[in-house]
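Colleague: Listed below are the residues making up each chain.
Protein chains: 2
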Amino acid sequence: MAKAAIIDIPEARAFILHWGEMGSQWGVNRSVSQVHALLYLSKEPMHAEDICETLGLARSNVSTALKELQSYGIVSRTHLIGDRRDHFEAELDLWDMLMKIVIERKKREIDPTIQTLSDLTDQLAARDDVPEHVRERIGRMHQFLGTLGGWYDDVRRLPRPTLVALMKMGGKVARFIPVRSQSGGTKH
Amino acid sequence: MAKAAIIDIPEARAFILHWGEMGSQWGVNRSVSQVHALLYLSKEPMHAEDICETLGLARSNVSTALKELQSYGIVSRTHLIGDRRDHFEAELDLWDMLMKIVIERKKREIDPTIQTLSDLTDQLAARDDVPEHVRERIGRMHQFLGTLGGWYDDVRRLPRPTLVALMKMGGKVARFIPVRSQSGGTKH
DNA sequence: TTGTCCTTTCGGTAAAAACGGAAATATGAG
DNA sequence: CTCATATTTCCGTTTTTACCGAAAGGACAA
Numbered sequence: 000m001a002k003a004a005i006i007d008i009p010e011a012r013a014f015i016l017h018w019g020e021m022g023s024q025w026g027v028n029r030s031v032s033q034v035h036a037l038l039y040l041s042k043e044p045m046h047a048e049d050i051c052e053t054l055g056l057a058r059s060n061v062s063t064a065l066k067e068l069q070s071y072g073i074v075s076r077t078h079l080i081g082d083r084r085d086h087f088e089a090e091l092d093l094w095d096m097l098m099k100i101v102i103e104r105k106k107r108e109i110d111p112t113i114q115t116l117s118d119l120t121d122q123l124a125a126r127d128d129v130p131e132h133v134r135e136r137i138g139r140m141h142q143f144l145g146t147l148g149g150w151y152d153d154v155r156r157l158p159r160p161t162l163v164a165l166m167k168m169g170g171k172v173a174r175f176i177p178v179r180s181q182s183g184g185t186k187h
Numbered sequence: 000m001a002k003a004a005i006i007d008i009p010e011a012r013a014f015i016l017h018w019g020e021m022g023s024q025w026g027v028n029r030s031v032s033q034v035h036a037l038l039y040l041s042k043e044p045m046h047a048e049d050i051c052e053t054l055g056l057a058r059s060n061v062s063t064a065l066k067e068l069q070s071y072g073i074v075s076r077t078h079l080i081g082d083r084r085d086h087f088e089a090e091l092d093l094w095d096m097l098m099k100i101v102i103e104r105k106k107r108e109i110d111p112t113i114q115t116l117s118d119l120t121d122q123l124a125a126r127d128d129v130p131e132h133v134r135e136r137i138g139r140m141h142q143f144l145g146t147l148g149g150w151y152d153d154v155r156r157l158p159r160p161t162l163v164a165l166m167k168m169g170g171k172v173a174r175f176i177p178v179r180s181q182s183g184g185t186k187h
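Residue numbers (numbering that gives the first Met the number 0), protein chains in the order written: chain X, 0 to 187; chain C, 0 to 187.
It cannot be assumed that every hint is accurate.
Given that identical chains are not distinguished, each listed pair holds provided it fits within a single copy or across any two copies.
[What the hints assert, rightly or not] Cross-link-like lysine-lysine pairs, in silico, DSS-like; alpha carbons within 30 Å at most:
no.: 1; residue 1: Lys-99; residue 2: Lys-167
no.: 2; residue 1: Lys-42; residue 2: Lys-171
no.: 3; residue 1: Lys-66; residue 2: Lys-167
no.: 4; residue 1: Lys-167; residue 2: Lys-106
no.: 5; residue 1: Lys-42; residue 2: Lys-99
no.: 6; residue 1: Lys-66; residue 2: Lys-99
no.: 7; residue 1: Lys-171; residue 2: Lys-66
FYI, nobody ran anything at the bench for these hints, they're computed from the structure.
Work the whole structure out from these sequences, hints included.
Modeller: Put into structure tokens, the structure is as follows:
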């Protein structure tokens, strides 16, 4: 009897399918997310052919998906002795995984947007026939995204245990913020 | 001479176009993001017909887009005296805007995923023919998303100035986390 | 109530994205 | 070097999604 494949477990199949759906909601190719989900569940690194058969996808498709996942840094290549084929395994630490996804999407989509807004802000500053509120709103968006991006660049460097501790605190971190006139400061 | 429309400002047009592109990268319909960008730049609330002409979109398309933006809570209807038509304006507070977008996407995509993972975890617990690592990894993902979701539900209730202050602190919030054995604690 | 104006829904079409298969390229063993 | 095997690129097909126009569905004034 052949070793039971992951895909034969209904719950695993459901997981992979759902992950694919969710990915596509976030602008990620369905095949890419499915391959990711499969590798996340796989105990051993898998080679491309194996992934194809398991998910019923074309080889080319899997190849592209793997490249994409590697560019995110959440899947890596390994080699098994006596086997020429590339094998692939997923990042198993979910914190690291999330951080890598966020950093990559920031790099791809947010940073260029900030750059564009920066340019537009400059161009608008050099004009005098533009309604003030337009200049102001684009400028504000620029500043906002810049702040957000800077914040992420900052906190992602924190050691993981610190990050976990911060998250577990939730809203309680607010205790440490100097109170001006808002509620939610020190309660007693 | 007619009042110069926003769309005649090249920088505004670039902003709207870019916003549309970025939206589509995140799984948001391009028309939806464009309408949002336009309303964000508009000083006055606009009615649907006006939006159509400005962006060159069909009436039906704009109607759908407005509905979507309202469901996110980042665009609202208003009425002008002496005008039966609905008028629309965008949320101008970018913090509020972001919070609303995130809460809505969480509701639509993350929460159902957590639910699914919860179900799968239960089902897996009732089986004894499933590799341990599969059970464990799905369970871990469930827990991870739950923690993340809980954290967001928590911090989003903080007063806005507190949130802004926290963000401005960036990684410095880590000062307040009890140090175990990691770097990044109190530096001096 | 009736007509006008405004909005939404619906069905078909057009555009875009995903996908598969074949061909091309690369890698490594002998 | 040559062959066998693994991987990627390219291009045509399929599937999905976005979009428009027409028709239906309200709301309000007269």
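Colleague: Now look at each hint and say whether the structure bears it out.
Modeller: To see whether the hints hold, each was checked on the structure:
| no. | hint | verdict |
| --- | --- | --- |
| 1 | Lys-99 - Lys-167 | both (20 Å within a copy, 22 Å between copies) |
| 2 | Lys-42 - Lys-171 | neither (38 Å within a copy, 38 Å between copies) |
| 3 | Lys-66 - Lys-167 | neither (34 Å within a copy, 36 Å between copies) |
| 4 | Lys-167 - Lys-106 | both (27 Å within a copy, 21 Å between copies) |
| 5 | Lys-42 - Lys-99 | within (21 Å within a copy, 39 Å between copies) |
| 6 | Lys-66 - Lys-99 | within (15 Å within a copy, 34 Å between copies) |
| 7 | Lys-171 - Lys-66 | neither (41 Å within a copy, 36 Å between copies) |
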